[in-house]
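Novice: Each chain, written out:
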Amino acid sequence: MTLLEATLVTPLTGGLVLAILGHRPIAGWINIGVGLLTFGASLAMALDVFSHGPQLSPGRMFYIDAFNVYLVVLTAFVGLTTSIFSRPYMQHEVEKGRVTDRRLRLYHSMYQCFLFSMLLALSTNNLGVLWVAMEMATLTTVLLVSLYRTPEAIEAAWKYFILCGVGIAQALFGTVLIYFAAEAKLGADRDDTLLWTVLHSSASGGLDPAVITLAFVFLLVGYGTKVGLVPLHNWLPDAHSEGPTPMSAVLSGLLLNVALYALVRVKMLVDASLQTHLAGYLMMGFGLLSFTVAGLFLHRQHDVKRMFSYSSIEHMGLITFGFGLGGSLATYGALLHMTVHSLTKSAIFVTVGHACQLAGTQRIEHIRGLIRTQPAIGWGLLLGVVSIAGFPPFGVFISEFLLLMATMKSWPWLTIPLLIGFGVAFAGLFRHMQRMVFGEPPPGQQPVRANMIPVIVHLVLVLFLGLMIPDFLSSWFEQATLLISGESL
Amino acid sequence: MEFAKLGLYNQAIILFAALALLTSFLMLAQARMLPLIFTFAWQGFLLTMVTVLVAMVTDHRDLYVSALLTFVLKVVVIPWLLYRLSVRLQMQYNAEQIAHPTLLLISGVVLVIFSYFVAKSIIHLSGLATRNIIAVSIAIELLGMLLMCVRKSAVAQVIGFMSMESGIFFAASVSAYGMPLIVELGVAFDILVASILFGVFFFHLRDSFGSLDVGQYNHLSEANGADAIDVRPVMASAHTPGDHA
Amino acid sequence: MADLSPALTLAFAGAACSVLSGLVSAAAFRRHPDYLHTGSFLFLFLAGCCTSTAGAWALLDNLTQTAQLQMGLPWLAWHLRLDALSGFFMILLGTLVIAVSLYGPSYTREFARGADAQPLPPLGIFTALFVLGMQVLLIADDALVFMIFWEMMSLSGYFLVVFQHQHAANRNAAFIYLLLAHVGALVILLSFGVLAAFGNGLTFDQMRAAHLSPLWASIAFACTFIGFGTKSGMVPLHVWLPEAHPVAPSHISALMSGAMIKMGIYGIIRVTYDLIGDVQWEWGMAVLIIGTASSVLGVLYALMQHDLKRLLAYHSIENIGIILMGLGMSMIFLGTGHPLLGTLGLVAALYHTLNHALFKALLFLGAGSVLYRTHAHDLDQMGGLIHRMPVTAFLFLIGCIAISALPPFNGFVSEWLTFQTALQAPALENSVLRSTIPFAAALLALTGALAAACFVKAFGMAFLGKARSRRAALAREAPRGMLAGMGLLALLCFLLGVFPSTVIGLMAPITQLLVHDALPSATAQGWLWLTPVSAQVASYSAPFVVLGLVLVFGLGYLLLKRGSEPVRRSDPWDCGFGALSPRMQYTSSAFSQPIRRVFRGVWNIEEHIDTLTAPGPLARVTSLHYSVHAHDWSWQWCYQPIGRLVLAAANRIGFIQTGNIHTYLKFSFVTLLVFLWIVS
Amino acid sequence: MDSELSFWALAVVQTLTFIAAAPLLAGWVQRVKCHLQNRAAPAVWQPYRDLTKLFGKRLVVAHNASWLFRATPYIVFGAMLMACAVVPLVVVHVPTAAIADVIVLVGFFALARFFTALAGLDIGTAFGGMGASREMMVAALAEPAMLMVVFTFSMTAHTTNLSVTTAYILHQGLLLRPSFLFALLALAMVAVAETSRIPVDNPATHLELTMLHEAMILEYGGRHLALIEWASQIKLMIYAVLLINFSFPWGIASEPTLQALSLGVLVVAAKLTLVGVVLVVWETVMAKMRLFRVPQFLGFAFMLSVLGMLTHVMLEGGN
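Residue numbers (our numbering), protein chains in the order written: chain A, 78 to 566; chain B, 29 to 273; chain C, 4 to 683; chain D, 7 to 325.
Watch out, some of these pointers could steer you wrong.
Claimed, not checked - Calculated Cβ distances over 10 Å to all of chain B for the following chain A residues:
1. E82
2. T90
3. L120
4. A246
5. E260
6. A349
7. S405
8. A453
9. M529
10. Q556
11. L560
Unchecked claim - Simulated DEER-style distance windows between Cβ atoms:
12. F549(A) / I222(C): 34 to 44 Å
13. S683(C) / P519(A): 56 to 66 Å
14. G117(A) / Q118(B): 46 to 56 Å
Claimed, not checked - A few chain A residues facing chain C, derived, Cβ under 8 Å:
15. V243
16. P494
17. L496
These are calculated hints, taken from the structure and not from any lab test. Note that beta-carbon positions come from the ideal geometry of N, C-alpha and C, so glycine has one too.
Can you make the complete structure from the sequences, with help from the hints?
Specialist: What follows is the structure, given as structure tokens:
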């Protein structure tokens with residue numbers, strides 16, 4: 078398990094080191110170095126898990142199985158590519174004077190701590206530690222959202238803090254109730270009742286249904302706030318559009334995935350002990366609501382990062398609907414969708430970051446003629462939006478294809494709201510994107526120093542997943558599907 | 029479980045739990061800032077007492093640790109922090125005008141009844157003789173959330189948030205006899221960091237918005253008419269006569 | 004991969020060539036673009052040849068070959084299958100790609116020059132992807148591969164339509180095109196979903212094995228018809244076609260109108276006849292009604308256009324209507340148990356698909372060469388081009404005759420077959436059907452006549468009379484490459500028109516595959532006569548018609564022209580009041596004015612009279628400019644309301660994001676309470 | 007084998023007689039019309055004299071005319087030639103009859119009209135444009151009615167082949183079918199519109215506002231004009247023969263014996279003179295309609311033909 082500890086310890090030490098010398102120009106490179114180390118360690122761990130199967134750390138504190146191994150690798154990878162993007166981006170921000178040295182130091186250390194908290198949340202076996210990691214993720218990003226110290230940024234950070242704080246508190250209460258039910262069944266003297274593996278094996282015997290349902294409701298509302306499902310999503314557009322772009326890329330790409338991962342971990346427990354599909358129906362309802370409402374919101378946006386955060390809500394709604402649907406096809410589609418969505422969305426945010434720096438504003442009306450000024454950014458944004466809208470050569474289409482097929486098999490009449498949602502969301506996204514990318518650029522628009530490597534790597538990966546899913550990844554998905562939905566493909 | 033037959037300690041537990049519930053209602057009605065902080069401190073103290081008593085009744089060793097943690101956090105550190113902040117922000121004397129207090133209290137009562145109705149299904153599971161106080165813990169948590177929804181001042185919202193956290197801590201210690209140690213420490217550490225961050229934010233908010241009145245923070249709003257898109261010709265036939273060569 | 008049959012390997016070679024063409028044009032970004040640009044069209048030419056030979060091979064040998072590629076999902080490899088139906092459509096696609104690759108190089112070089120020059124590599128890349136999408140779409144044998152390459156075709160079409168993206172109209176047109184294409188694709192996905200649900204599997208073989216209840220079969224058919232109908236541009240869902248085709252580069256609009264729309268028809272035939280199998284006559288009725296509506300409205304709207312490429316786009320809608328009428332009647336006959344007449348309808352529809360692909364591509368390439376030389380979209384700025392571009396004029400004339408369904412050419416044969424199918428209506432027992440089908444045939448005749456009127460206008464305004472603009476007066480003949488592309492298509496139009504019975508004989512394997520029946524009598528009388536049902540019922544001999552015309556020309560030359568004096572040129576009759584100017588000629592809106600008055604209600608007419616008055620006290624009028632535009636009613640009735648509905652809903656939903664934190668907290672509080680209430 | 011060859015010879019002879027007789031019918035119609043309007047009447051063979059004169063004249067062509075203008079007369083005449091080969095004038099089962107059926111016949115007329123309209127536009131004067139635009143409108147409205155007529159006949163005779171239909175009507179004897187009555191009336195009205203006779207278009211005048219067909223061929227002269235005039239005369243005769251064959255084909259030869267053929271010739275000549283007289287009476291009684299009254303006229307014809315088809319389907323059991 079030393080590889081897992083390495084994956085966790087590297088970002089933590091990176092965070093501390095950067096806290097000291099975060100403001101110097103070398104800091105960007107250190108950030109990338111630490112990201113690289115973390116990614117290397119996670120890859121080694123993944124290879125290890127691939128050869129030896131799920132692993133439990135000696136003290137049973139950490140547990141890596143098919144479900145969270147690819148999420149850990151994905152988090153480390155996107156963390157690395159976004160740090161590559163954030164170096165020139167932050168240099169540009171410092172040159173323009175929007176970020177002082179002190180805040181740059183804060184940014185770099187918080188960035189690494191944020192990665193550490195997510196990796197901890199993914200790999201821990203203890204539900205309580207999972208909650209602590211989620212809370213720590215919120216705390217680390219709150220200061221990042223208010224990095225630019227504009228009134229809007231401060232307001233966004235405050236709302237993000239309060240709403241997520243309340244949400245996380247509900248989740249804590251849910252964890253307490255699970256612990257309460259577990260203690261009632263397994264006896265109060267044991268100290269490992271909050272470990273997920275223990276709970277999962279014992280849950281098949283059946284924890285108390287009433288308490289588990291209550292716990293699931295609290296956890297659904299709690300982690301649902303962090304996932305950004307509709308009635309609880311209000312903080313997400315503000316936080317993603319006001320913070321620095323690398324941060325919103327990582328928030329949109331990874332944090333939503335981690336919150337949904339936690340929710341699905343709990344759903345496994347609830348499904349095992351509860352005979353009815355209540356958990357599934359609740360998640361389907363929540364997911365469908367956010368999918369359609371977020372689709373409508375896309376039409377009325379004037380800020381480009383805000384638009385893409387609503388697109389994240391929409392996709393998260395779709396994934397929650399997929400997990401809620403249960404069944405092997407839907408779960409496989411939802412798992413694939415989590416991967417491809419985070420890859421594409423972070424690539425889009427990277428391009429949008431450069432586009433906003435190029436146009437000097439985030440308002441859609443004032444961004445024009447990207448293809449003409451800097452073709453790399455123009456085509457990057459175009460292909461990114463094409464991929465996120467679910468067009469075939471890219472992977473998002475495969476997962477949407479699987480989800481639609483699964484819905485048609487189990488709930489045929491639900492395909493109609495899905496269809497309307499896809500159409501409306503596509504129209505909203507493309508209408509804005511087309512104005513930004515095509516047409517004549519306003520006079521005096523200069524190309525900006527942009528590092529498009531992350532975008533190219535992400536889009537190539539999504540394209541590869543669209544055409545052919547490699548065996549090792551697909552075997553992980555299948556094992557995870559068996560774990561989550563109980564049916565094999 | 030008739031009250032009469034219970035031992036002295038159990039009676040004390042129920043008394044203190046009821047008093048803690050009273051403090052939640054007091055906080056709802058309290059307009060001025062300083063008394064609000066003191067009431068919060070009192071609530072922390074009462075919850076610590078209940079935890080200690082439960083520890084004695086069910087002789088769970090680690091409950092004392094969580095009681096100590098609650099005491100340190102909810103009675104000493106956070107109230108002192110909030111007090112010093114409100115003194116530096118010179119707002120310890122200004123009173124907040126609560127919208128319609130009677131309706132607020134009635135809704136508080138309804139919430140308590142609702143939380144008892146919700147808790148009924150899980151109470152039978154607890155081994156504790158005085159297991160009804162689980163309902164009290166849920167009530168404190170919901171009242172804390174109500175407080176956040178209603179109050180205008182940012183400090184009041186923080187206090188609402190903190191009383192929610194204490195409600196949850198109380199539920200943990202009463203129903204599950206305290207969480208595993210690592211989790212208790214983690215949660216306590218998070219809450220401490222959160223309160224420090226709240227302090228940092230008070231100053232940012234005051235510099236950028238000029239006041240701590242939460243109602244004024246609506247720059248990022250999409251509801252007003254300005255943002256509405258003009259619906260007329262947006263999907264009109266694109267073909268304007270002969271404009272493109 | 005090893006056990007691939009020869010025809011399928013050829014199809015893969017075709018796909019590989021188009022991928023190579025894309026890569027070559029991608030490489031042309033910096034170094035010596037011109038040379039690489041023509042190289043990409045060379046690979047496209049090879050792709051066209053491979054595809055058409057593979058299709059011909061599959062059709063002639065009537066063999067069905069399948070293959071599996073280990074791509075896509077591990078538990079669902081890519082299934083591919085080449086049978087007679089896909090072979091037929093591959094021949095169609097291959098021929099068009101060959102013609103376009105001959106036409107392309109010289110035409111696209113003009114895009115790089117001029118004021119609004121565009122970089123050429125994206126055009127090359129997306130043309131290659133467009134062709135690749137269609138090629139693999141035809142041999143797809145499971146829902147996943149079909150959908151992947153279907154939407155790749157739509158998406159690359161979007162990039163081609165938005166190629167000249169500096170004009171706002173182009174961007175709007177491309178957006179509407181992609182929106183409808185995407186929604187159509189999702190509806191197709193639903194129909195595959197229904198079939199997959201019943202056949203519990205995504206491959207077409209499992210779907211063929213599925214036996215659906217009549218209700219679910221109708222739902223699957225409805226989704227298929229709407230989804231593929233959106234792509235082929237039938238009436239209620241046609242709005243994108245007249246917007247997208249005119250703005251795309253001409254060789255791409257030729258491919259779009261010629262091949263892409265036919266993929267919609269291929270989809271309908273593949274799913275209805277092959278996957279669902281037992282056809283119900285109610286479906287045929289719906290297809291017939293929509294087909295008739297499409298053809299009549301398509302030609303009426305085409306008559307009112309004065310943009311040449313927009314006119315041709317509306318005509319695509321009309322011809323798709325005719326194809327759908329053929330399909331509709333075939334379904335009605337199959338549904339009511341007349342397999343022979345059902346086969347006749349299917350053969351008529353397939354024949355018209357092939358014919359339309361050829362002459363529509365020819366017409367778009369012709370319009371492209373006119374645009375290449377005169378930079379004029381508008382008919383009222385052309386005129387007299389027959390003197391300056393004789394060969395283009397001759398080839399465009401062949402296209403016009405073919406599309407107006409006049410005897411010696413291929414358009415007439417397929418329309419004649421559709422009439423013959425309609426004339427077999429008395430064989431039906433249901434008297435309502437027996438009376439509605441003749442009515443549809445009468446509307447088809449009206450469409451035919453209006454199409455002839457429309458193309459008299461199009462050819463007359465563009466090529467005949469005097470040049471109406473300076474650029475038209477200075478036009479020169481189009482380069483040889485373009486003429487070669489058009490010449491190939493014109494020759495095919497003539498051959499398909501003169502030897503119909505041999506072609507129908509070749510199409511027998513398709514109907515054998517789909518309807519398990521063929522038209523024995525069509526070729527019974529040898530290659531000279533076409534007798535679809537029987538010699539007694541109806542017969543048509545195209546070679547004799549051509550022989551007669553040649554005879555008259557020969558006699559005319561021998562008897563009349565050889566001996567007479569040379570021809571004397573003089574002024575035309577001008578009623579004595581002096582020199583005739585080009586402005587005195589009929590313009591396109593004048594030509595269609597009588598028909599506009601007769602069918603007034605069909606269009607949303609918008610007339611402008613702009614008067615320029617000279618300044619000064621007298622303020623006399625110096626010039627009057629009258630312009631008339633016929634807009635589509637479906638914009639007012641169907642598309643703008645939907646747009647307004649969505650945006651109004653979006654506006655109203657804004658209230659969620661009020662901005663103040665209390666409402667947000669109340670939201671989460673209420674959600675929590677509601678859930679708690681539900682649970683306990 | 008020789009009977010096959012002689013059959014083809016008979017067909018060629020029938021076509022040639024058809025072409026030769028066409029100007030005679032036109033001359034006869036002109037002569038009767040002048041008598042009715044008590045004007046001095048030219049001889050019956052006056053059209054032959056006009057044609058020979060025109061064939062002899064030197065060709066004068068406008069400056070702007072292209073090769074299309076000079077090829078159109080031959081295409082128009084060729085189309086009419088093919089049409090004559092198909093219509094059974096004297097004898098029924100002739101090999102050339104299988105070349106085309108009645109829909110292809112309509113196609114030949116459409117081909118001729120298409121090229122005449124293009125020739126009209128080629129010169130670049132207002133007359134050609136006006137004539138072409140109006141001619142195409144009239145044709146567009148006439149087509150559906152014509153096809154519905156064809157439908158009614160083919161529904162009863164189960165064929166669209168002209169000689170087979172005529173033979174069927176001949177063998178079924180004298181039957182007063184209401185569907186045939188309506189269809190024939192509609193066919194008559196469509197014929198009037200197609201051959202540009204009085205109510206739709208005035209063949210005699212050259213006034214811009216009233217001429218449709220003449221406007222398109224205004225610029226033609228010499229042998230081109232001869233060919234086009236001859237073609238329109240053939241077209242008139244084809245419609246007359248169609249009317250006869252569909253209504254009362256008694257007397258037409260059904261086997262190629264000399265005696266039957268001579269009877270056929272006599273009977274057809276008599277019937278054609280009768281049809282000529284009827285046409286002239288109709289033209290003198292009627293006045294030319296305003297252009298935008300023609301849609302009502304052709305709408306009425308279409309309604310009649312639809313009525314014919316419906317009566318066939320409903321009343322006559324639609325066997």
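Novice: Among the hints numbered above, which are violated by the structure, and what are their numbers in rising order?
Specialist: Failing hints, ascending: 4, 5 and 16.
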